[in-house]
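There are 2 protein chains.
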Amino acid sequence: MSQVRNVKIIGTGKYLPKRKVYAHELDELIGVKEGWVEQKSGVGIRSFVENETASVMAAHAATEAMKTAGIHKEEIDCIVSVSGTMEQPIPCNAALVQKQLGLGESSIPCFDINSTCLSFVTGFDTISYLIHSGRYTNVLLVSSEIASVGLNWKAKENAILFGDGAAAAILAKTPDNEPSKVLAGHMETFSEGAHYTEIRGGGTKVHPNNSSADETDFLFDMNGKSIFKLSSRKLGAFMEKLLAASNCTIDEIDLVVPHQASGMAMRILRKKLGIAEAKFMNIIHNHGNTIASSIPMALHEAIVQNKIERGNKIMLLGTSAGLSIGGVVFEY
Amino acid sequence: MSQVRNVKIIGTGKYLPKRKVYAHELDELIGVKEGWVEQKSGVGIRSFVENETASVMAAHAATEAMKTAGIHKEEIDCIVSVSGTMEQPIPCNAALVQKQLGLGESSIPCFDINSTCLSFVTGFDTISYLIHSGRYTNVLLVSSEIASVGLNWKAKENAILFGDGAAAAILAKTPDNEPSKVLAGHMETFSEGAHYTEIRGGGTKVHPNNSSADETDFLFDMNGKSIFKLSSRKLGAFMEKLLAASNCTIDEIDLVVPHQASGMAMRILRKKLGIAEAKFMNIIHNHGNTIASSIPMALHEAIVQNKIERGNKIMLLGTSAGLSIGGVVFEY
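Chains as they are written, first to last, in numbering that gives the first Met the number 0: chain V, 0 to 331; chain U, 0 to 331.
Next up, chain V with everything else stripped away, as it sits in the complex:
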């Protein structure tokens, strides 16, 4: 059955915190020889928040996306936060974004969709059905992530990958006679790897007030080797299904916008897909892995750098904690 949805991305935006953190600063912080951080991570510069909250960053990215789209904030009729982290446990992120945008009395519905690093992909895939059917007219999808507060600097290989930041997109129904459409989405979750990537503490299982928890329980933990093994084993079959549902071949894709997991992960992924560097969006060097913001931020950069034009076939693709693999193919 065709999954085609007449949905168009009418605007995108991003926000990076002002504080830039260079690889050589981290070399010093974690006590490794100069050059190690950049060589290991592929990240030269990442941004870390000082006073910015996730909703403040989200509002900046959303405002840019609305400006590009040429719409006023009052024309948004649904706000979906698509982040892997939360600003506070209650209420949901999207409500805090609505407030930050000065829309506190607007009545615009607000909720969150979360599949960790794939949240934007899942949100885009899911919400496009509601736009296609006419339920919503202009939907704001926004990812805003503060990774820096939850990093374990003793787990060097993991901590050096991440950056903070937000990215937003406005989705709308495609006007008649325009090519924009979602061709297909596909997601697979293998929870045999549920604990390969995790923050164990901070939810109901290990509450922040749990006196037997220690600091590292509340910090990010990742078993890179296990993730690599499991995702490598599953990627081929996943891609076949995504491409079949999209009714196209990998060669017909004009640009792959992958999750900016790490320099190495992206090199391996690109080779597995067998595609040229020019068709693989890579912004990791000056952004780092910004969790769920990573894919919409790379998409935004592809648009502002004129790497894609209307009618191009774009693939969003990534892995996330879960372990999940997910992707969407769309004509921009």
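Mixed in with the good hints there might be a few duds.
Which copy is meant is left open, so a pair is good if it fits within one copy or across any two.
[Unchecked claim] Below, simulated PhoX-like cross-link-like pairs (lysine-lysine); rule was C-alpha separation at most 25 Å, straight line:
(1) Lys72 / Lys240
(2) Lys204 / Lys17
(3) Lys153 / Lys204
(4) Lys224 / Lys39
If you're looking for bench data, these hints aren't it; they were derived computationally from the structure.
Let chain V serve as the given structure and place chain U on it in line with the hints.
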């Protein structure tokens, strides 16, 4: 534009923790005169977890829902966690539920939808578009909440309302010649009230390791009076829109299944709607407010108690942190 979706709830289930906590025990715990807790909250018995995790409870509720639906777990092709709390910050709840169900190698996609107490309503409303369009065949929606770990017993009026528990529903496409359908959904968020209901700490704004935070930052806080004022002001216009979209009157609704917020909140809501007690599902006395599990649990009870039959018009309705008001009208 009609919002009708050919979607049927083919099975429901619930799970309550074994440990029962009676109102008189809480009278003693918080040092009030006997009878105060039950009189104030309308809750005689709530269940609190001992060793159960949220995913363990979710798996019990899901298993019952699949049994009622007459499907095997391998026939599920999407798992959506619709909870207001998380078991751990990473990965998402749904992946942990998949693992607990023994589906770790299944590839079934897993993600979370969160609008606090309205998560089930938002998930039902959103995902029904994907089922109607043929994207998914059998979707497991499951709410599983552990409120007890985050209660502030010094804020007596709030803490006495809550209970733990899980509830699940399986959604599928309606077979030809059957009446089941979603008529409409509607949601409004007024973030002017974003901080009326909150847990301030535990996310990226006040991280669990934040040394300047105190224990109460990680506990539930609610300003009941402000919520009441704001939601009372907004309810009338909200209901008009939900009923208009559903193309029916309140008198045509066979059963309203409200969020089980508190005994008093439900009494006031029922009177505002002007409907008889028999048409208003109330399970608060022996469940308490189980956050997002509350609505699907009350729906499950309405089904097993034979209060609704196929073809009946049902309204799910509630308020949540945000502040949001949300509802769905469907023919069961």
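Against the structure, test the hints numbered earlier, and report the numbers of the ones violated in rising order. none
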